[in-house]
Amino acid sequence: GAVVSQHPSRVICKSGTSVKIECRSLDFQATTMFWYRQFPKQSLMLMATSNEGSKATYEQGVEKDKFLINHASLTLSTLTVTSAHPEDSSFYICSAREMGHRETQYFGPGTRLLVL
Amino acid sequence: GDSVTQMEGPVTLSEEAFLTINCTYTATGYPSLFWYVQYPGEGLQLLLKATKADDKGSNKGFEATYRKETTSFHLEKGSVQVSDSAVYFCALSIIQGAQKLVFGQGTRLTINP
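First to last, the sequence lines map onto chains D and C. 100 is the number that the working numbering gives to position 100 of the first sequence; each next residue is one higher, with no gaps. 73 is the number that the working numbering gives to position 73 of the second sequence; each next residue is one higher, with no gaps.
Next comes chain D alone, as it looks inside the complex (with noise of 0.2 Å):
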């Protein structure tokens, strides 16, 4: 089946500092990815959507200077959180469309984000 990894799972860094949190699809080729963030016990808030070689369509009330993403190419999109703080302190998720197949996403598994 399609696979979507994040690396790094988990990711502990000092306040003001920026993060680079990376998604790739394994085995497909994805055209669109989406970046999620989920609060404990919370569901997941899309917060952008990223296309291979265009800018990225980000959600109401997401600071695009502060969550910069980067989909470069058909496998990999990147997600930086610039100069973070401790309420970025979070769990992030990305997902792949596959090209071809808008009705399902790929959900990566995850990224552990801790802001001291």
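Treat the hints loosely; a few may be bogus.
Stated by the list, open to error - Which stretches of chain D does chain C cover? Using the computed rule of at least three CB atoms under 8 Å from a CB of chain C, they are:
1) 35-48
2) 107-116
Claimed, not checked - Think about it this way: if two alpha-carbon atoms lie no more than 20 Å apart in a straight line, the pair counts; the simulated EDC-like pairs of lysine to aspartate or glutamate are:
3) K60(C) / E42(C)
4) K64(D) / D27(D)
5) K100(C) / E63(D)
6) K100(C) / E87(D)
No lab work stands behind these hints: they were computed from the structure. Quick reminder that beta carbons are idealized off the backbone N, C-alpha and C, glycines included.
Could you slot chain C onto chain D? The hints should help.
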């Protein structure tokens, strides 16, 4: 706007009990409906889906029927196992544009032996 409402958890059942997790939705148009499952420490996995009214999605003993008249997509299983313990998310797919998923709040299910 489009939204999904799930029954609040947590839900705790004994092994072999019957399971129902309620899900209702609000949407313009005719969305596709999904159930995703998140096992401890893992990412979301698609459990089942239905793309039009009266469709029944099924997988691993779980079933859900797309009911347009009641705007519902309740998840059921006749006999749960300890290994079914997880968080279950109901979701709908917005048809226009990038076809985004809108998730319910999730229901934590614990099955005791």
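Run through the hints listed earlier and report the numbers of any the structure violates, in increasing order.
As far as the earlier hints go, 4, 6 are violated by this structure, in ascending order.
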